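Undergrad: One-letter residues, chain by chain:
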Amino acid sequence: GQQLNQSPQSMFIQEGEDVSMNCTSSSIFNTWLWYKQEPGEGPVLLIALYKAGELTSNGRLTAQFGITRKDSFLNISASIPSDVGIYFCAGQRGSARQLTFGSGTQLTVLP
Amino acid sequence: DTAVSQTPKYLVTQMGNDKSIKCEQNLGHDTMYWYKQDSKKFLKIMFSYNNKELIINETVPNRFSPKSPDKAHLNLHINSLELGDSAVYFCASSPLDRGRETQYFGPGTRLLVL
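Chains as they are written, first to last, in the working numbering: chain A, 378 to 488; chain B, 294 to 407.
It should be emphasised that the hints constitute simulated quantities derived from the structure, not laboratory data.
Bear in mind that the values here come from a model prediction, so they are computed numbers and not experimental data.
Using N, Cα and C, we set each Cβ at its ideal position, and we do this for glycine too.
One should not assume that every hint holds.
Claimed, not checked - Restricting the straight-line Cα-Cα distance to at most 25 Å, the calculated cross-link-like pairs of lysine-lysine (DSS-like) are:
| # | chain 1 | residue 1 | chain 2 | residue 2 |
| --- | --- | --- | --- | --- |
| 1 | B | 337 | A | 447 |
| 2 | B | 315 | B | 302 |
| 3 | B | 360 | B | 337 |
| 4 | B | 334 | A | 447 |
| 5 | B | 345 | B | 333 |
| 6 | B | 333 | B | 302 |
To be verified - Example chain B residues on the side facing chain A (calculated, C-beta under 8 Å, incomplete):
| # | residue |
| --- | --- |
| 7 | 334 |
| 8 | 335 |
| 9 | 336 |
| 10 | 377 |
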């Protein structure tokens, strides 16, 4: 079953606002990945995190690997209309190379 | 150039038919995957496969079978399609980089079973 709790489920924000979303789990993960999916497309990798406490940026996006290894957050600063989409966290546990996905955060940016 | 490609993008078929979805990656990755995304957008792993190992999610019906003619291709064959198989199916691939898993997704195949 699903092991990642992602929140919020959806967000409606004004253009220019900052956004924060997070994923938590009762299990320890070795890797946290953040993806964005636009309508009709596949998920696109935004940021990859491999070390507890790691903070990584990609343009206006910043993500952190929680120190307990059981959570991660993604921040988007100064949102723009093209940030619209579904953002997914994904985690990898143990030696298995399979990912477990969160349920997604649907982001809507209002002009 | 598309890194992970899938065909077809849309597939509409009748219940009971057998169909295949093709996936190709030109990234030189060693492992490929199939995911199913349901109507609530939840992504669930179905298979992971490299030339040494096939890992099957235990919840996947045996009507679904991956077939890999070579390292760059992993096709998904579905027998006796059912209404509940309607979903978006994504292929993905990843390089072997121990401790640094990343996966790259194709554009998806939208399957509708009537």
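Undergrad: Given residue 336 of chain B as an interface hint, is the shortest Cβ-Cβ distance to chain A below 8 Å?
TA: The hint holds - residue 336 of chain B has a Cβ within 8 Å of chain A, the shortest such distance being about 4 Å.
Undergrad: Do the alpha carbons of residue 315 of chain B and residue 302 of chain B lie within 25 Å of each other, as the hint requires?
TA: Distance ~10 Å between residue 315 of chain B and residue 302 of chain B Cα, so the pair holds.
Undergrad: Can you confirm whether the C-alpha distance between residue 360 of chain B and residue 337 of chain B stays at or below 25 Å?
TA: Holds, at about 19 Å.
Undergrad: Given the proposed pairing of residue 345 of chain B with residue 333 of chain B, does the C-alpha separation stay at or below 25 Å?
TA: violated, 33 Å
Undergrad: Regarding the hint that residue 377 of chain B lies at the interface with chain A, is the smallest CB-CB distance below 8 Å?
TA: Violated. Min distance 18 Å.
Undergrad: Measure nothing beyond the straight line between the CA atoms of residue 333 of chain B and residue 302 of chain B; if it is 25 Å or shorter, mark the hint as holding.
TA: Judged against 25 Å, a Cα distance of about 19 Å means the pair holds.
Undergrad: Against the 25 Å threshold, does the CA-CA distance of residue 334 of chain B and residue 447 of chain A hold or violate the hint?
TA: holds, 23 Å
Undergrad: Checking hints one by one. Is residue 334 of chain B an interface residue toward chain A, by the C-beta closer than 8 Å rule?
TA: holds, 5 Å
Undergrad: Checking one constraint from the list: CA of residue 337 of chain B to CA of residue 447 of chain A, max 25 Å. Satisfied?
TA: Holds, at about 20 Å.
Undergrad: Can we keep the residue 335 of chain B interface hint, with Cβ of chain A closer than 8 Å?
TA: Residue 335 of chain B check passes; min Cβ-Cβ to chain A is 6 Å, inside 8 Å.
Going through the hint list in order, the structure does not satisfy hints 5, 10.
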